[in-house]
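4 protein chains.
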Amino acid sequence: MLTIANRTFQSRLFTGTGKFASSIEMENALLASASELVTMALKRVDVNDERDDILSHLQHPHLHLLPNTSGVRTAKEAIFAAELAREALQTNWLKLEIHPDPKYLMPDPIETLKAAEALVKKGFVVLPYCHADPVLCKRLEEVGTAAVMPLAAPIGSNKGLEAAAFLEIIIEQSNVPVVVDAGIGAPSHAAQAMEMGADAVLVNTAIAVSENPTQMACAFKLAVEAGRLAYEAKLAPKQAVAQASSPLTDFLAELGD
Amino acid sequence: MLTIANRTFQSRLFTGTGKFASSIEMENALLASASELVTMALKRVDVNDERDDILSHLQHPHLHLLPNTSGVRTAKEAIFAAELAREALQTNWLKLEIHPDPKYLMPDPIETLKAAEALVKKGFVVLPYCHADPVLCKRLEEVGTAAVMPLAAPIGSNKGLEAAAFLEIIIEQSNVPVVVDAGIGAPSHAAQAMEMGADAVLVNTAIAVSENPTQMACAFKLAVEAGRLAYEAKLAPKQAVAQASSPLTDFLAELGD
Amino acid sequence: MLTIANRTFQSRLFTGTGKFASSIEMENALLASASELVTMALKRVDVNDERDDILSHLQHPHLHLLPNTSGVRTAKEAIFAAELAREALQTNWLKLEIHPDPKYLMPDPIETLKAAEALVKKGFVVLPYCHADPVLCKRLEEVGTAAVMPLAAPIGSNKGLEAAAFLEIIIEQSNVPVVVDAGIGAPSHAAQAMEMGADAVLVNTAIAVSENPTQMACAFKLAVEAGRLAYEAKLAPKQAVAQASSPLTDFLAELGD
Amino acid sequence: MLTIANRTFQSRLFTGTGKFASSIEMENALLASASELVTMALKRVDVNDERDDILSHLQHPHLHLLPNTSGVRTAKEAIFAAELAREALQTNWLKLEIHPDPKYLMPDPIETLKAAEALVKKGFVVLPYCHADPVLCKRLEEVGTAAVMPLAAPIGSNKGLEAAAFLEIIIEQSNVPVVVDAGIGAPSHAAQAMEMGADAVLVNTAIAVSENPTQMACAFKLAVEAGRLAYEAKLAPKQAVAQASSPLTDFLAELGD
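Taken in sequence, the protein lines are chains A, B, C and D. Per our numbering: the first sequence = residues 9 to 265. Per our numbering: the second sequence = residues 9 to 265. Per our numbering: the third sequence = residues 9 to 265. Per our numbering: the fourth sequence = residues 9 to 265.
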């Protein structure tokens, strides 16, 4: 069972709310995924309207909201957005993401660390989205983040574990949960991250833009479970040579007599 | 649902009986896998003994035996072994494998095609293990094999879909089920094969040599289901650039007023 | 120095004549490549015309012609084409290629082996294009081919060493030169094949369709030399962990006193 | 021709001085590489001894020294080391590297940016070694570094372009030269980086620990030239399907008449 900041999770699949064709499609997919942590951009919610369309489809006891700061470009903006989110959504959990670049949405390491440190001091449970940079992840952990969320590949690229060589080091060194985020485009990618020892994965685009989001959510649910089971049962190492097998020739010769 | 030679399968995970520490461990793993087709080397069975240890652990109504010709080096040996297996195990299903090389156990395309043709004529349901060679797979189909079983990587290597570029062509062109065999070392590999559109995968070593074969079998079961669901729901394409996202700056400025 | 059938080559880069925008562009590129063996489709030549455009641009003492049977679909057609080529071009060297499939141009293992055996008996120096199938390569060698030419990836795909796992086995096992053919789309791919121990590579499309074929030919020439030198000097193995390095802290402290 | 901070380079291969078996072997390899920029750890030099063994083997007019701060763990230490190096070696060029972790020697993004900013203000020509983080590279450029040196893979790992997906973005976005550093273990890796559009590569371990460093240096020299030529001549795109080729059947039938 996964524990982050004293909250336990049965599911190691985190999801998001972006890019779905409709709120009802989103709701169905999130339920099929069995996910218990759902990230949501602050800007997508009308925080003053209790009947807000997205929020009303997220009212399930097992679904915890993880507001994110998507769209901010500096630590200062992130802190402001975080406080807004905390007040509006009544949660101190926060996915911190700061990406000044509108093309690839790559996270800013400097502003992210600065904001993380300030937000931890303000009592937030901070889960920062960051590059797959082992030293940065260590420094985020040191300022008190509840987890780290390194990217697998550029966000929305669906390319899978392009950063695998660095994720392995991050997983080895981390004392907080490692949630692989961004770029996971197929259940096989999610399974691979879990097999490597990631504590969880976050998947949004790959589910939302599928032709059948509910079925794809189910596929990711199974793949994450598969990867975790395999990690615990330990994978066999890769081998250069097959294990020798005795030829059947003698056996056949005997029988043929 | 998968159909091969008029037999239908709920499960798209085929398994094997080699390399398990004990027959009881094998039995537990096979049951956990929910596999309905289990391959078994003729030489590992005492066909004259009803109480044969391996066979007695395979007595489950949903488990169909797929005897294989592992160890033979020529078409002639394969045909002899096949007839022996048919008589002893009361099944005309056969996994045809002919590998003259004891180091990498790579299949022989010439002898395999020759044997396949002869065995089909003798009434066997032939599933040939072969290289991921699109033309060879086509020719095997043309002589009447019930499926083709191209390798993903050298057998026992656990390296995953090293032959992916060729498997894609085989899957596109085949009119018989494509079962990806050999080299699948992790649930993520199995999921990837299924996402590509393979009809089934065969996994043996990766389950049998795991520290916990039953749990690993369960992991492969889930991964195969995940991959198939994703294939049906269609994966999102890989993208070079993230979908543009509007900055939060204006929104924050407004709120901050 | 590379020797095939008693002919020695300074250059380990083999080239082709297809897809160039003009014969003069082809000639310039081939000269820049320093290649000594150039393959040419029989159908592209008017064998009765001494002033044939392509042939007239291949009249250089260091350039040996390697007619190929591209376009044939059976062993019978290949043998007929080979004899035609031998008579017309006055060489018994032959690149044997048999691909029944017009979409991916994948080689046929059965017909290729059959034709190879017959052509060797007829006195040809046979270099067969084939799938990266270790057993097939061994059987081609056994019937007397002068080399084997396994593919790196589907022809014209420019995808590089998709078949690397199998090429390694072929190179390890072969007693005749291994020429990696088809799919090499960049100098880095050619270098990689040579680093693995391939005896030569054949490159055509990647040079011919470049914006600057002469410069690209030069790039491949250098890359092949680089890869060969590296193979001979032996590459360092891949490492999981950096070699520990003493921190500079003490040194600085000392100086800072 | 490559220009960094008003100095032009014929060679796009940068080298290092670590891990060679002897100074004379180092000198021979560096000369064979034709490299014009050689990095050197401050701690490896006795800066007070004019006859220092390493320095005396680097006295060639075309060889520019690039002192590095390897071994420092903070910006403060880096600045102190940089000033020491400038005084001792009479150059304001500096390879800035700050890696607190002794196992993987991964660079620290926060300290590196802080030190880079300070060193630029102190008049240094700063070339920072950093993670393949597009935003960090942009910020380093903004504080005035003369180039950026993102890693290809963990240093000393020889694994090649593990960070390729991120290096592509860095190359696309950078206004200063991009020198791919760390992890390049084979000439094919160096060629691949250059084909992607890197301005230069830095190679040390792969040359120094080879069985024949001089020959390996030569191999890297050729590979870097090959990659650059190919980048300029433009590589052909990867293709899914071969260009259709007309069968030879009709042609043969005609001739066979």
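Please note that a few of the clues may not be correct.
Said to hold, decoys possible - Examples of chain B residues lying across from chain C (beta carbon under 10 Å, computed): (1) H139; (2) E149; (3) Y239; (4) E240; (5) K242; (6) P245.
Claimed, not checked - Simulated crosslink set (DSSO-like; lysine-lysine; CA at most 27 Å straight-line): (7) C/K130 x B/K122; (8) D/K111 x D/K130; (9) D/K130 x D/K167; (10) B/K122 x C/K167; (11) D/K129 x D/K111; (12) B/K122 x C/K84; (13) A/K84 x D/K51; (14) C/K84 x B/K111; (15) B/K84 x C/K111; (16) A/K246 x C/K167; (17) C/K122 x B/K146; (18) B/K246 x D/K146; (19) A/K167 x D/K130; (20) D/K242 x D/K130; (21) D/K84 x A/K122; (22) A/K146 x A/K84; (23) A/K84 x D/K167; (24) D/K111 x A/K246.
As the list claims (entries may be wrong) - Here are the computed distance ranges between Cβ atoms for each label pair: (25) D/D61 x C/Q18: 46 to 52 Å; (26) B/S30 x A/K130: 35 to 41 Å; (27) D/K246 x C/L39: 46 to 52 Å.
Since the hints were derived computationally from the structure, they do not count as laboratory data. As the structure is a prediction and not an experimental result, all values here were calculated from the model. For each residue, glycine too, the CB sits at the ideal point set by N, CA and C.
Given hint B/H139 near chain C, where the shortest CB pair must fall under 10 Å:
This hint holds: B/H139 lies near chain C, its Cβ roughly 5 Å from the closest one there, short of 10 Å.
Between the alpha carbons of B/K122 and C/K167, is the straight-line distance 27 Å or under?
violated (32 Å)
Just to be careful, I want the Cα atoms of C/K122 and B/K146 compared with a cutoff of 27 Å; is the pair within it?
Between C/K122 and B/K146 the Cα gap is close to 18 Å, so the pair holds against 27 Å.
Under the criterion of a CB-CB separation shorter than 10 Å, is B/E240 in contact with chain C as hinted?
Not OK, violated: B/E240 not within 10 Å of chain C, min 25 Å.
Going straight from one Cα to the other, do D/K242 and D/K130 come out at no more than 27 Å?
violated (40 Å)
Is it true that the C-beta distance of B/S30 to A/K130 lies inside 35 to 41 Å, as the hint says?
violated (57 Å)
Compare the distance between the alpha carbons of B/K122 and C/K84 with 27 Å, and conclude whether the hinted pair is satisfied.
Roughly 19 Å between the alpha carbons, so the hint for B/K122 and C/K84 holds.
Does the structure keep D/K130 and D/K167 at a Cα separation of 27 Å or less?
violated (36 Å)
46 to 52 Å as the expected CB spacing between C/Q18 and D/D61, which holds or is violated:
Violated - the Cβ-Cβ distance for D/D61 and C/Q18, about 39 Å, lies outside 46 to 52 Å.
A/K146 and A/K84: Cα distance at most 27 Å?
Within the cut-off at roughly 22 Å; holds.
Agreement of C/K84 and B/K111 with the hint, judged by alpha carbon distance not exceeding 27 Å
violated (34 Å)
Straight-line Cα separation of D/K84 and A/K122 no greater than 27 Å?
holds (19 Å)
Checked against the numbered hints above, the structure violates hints 2, 3, 4, 5, 6, 8, 9, 10, 11, 13, 14, 15, 19, 20, 23, 25, 26 and 27; every other hint is satisfied.
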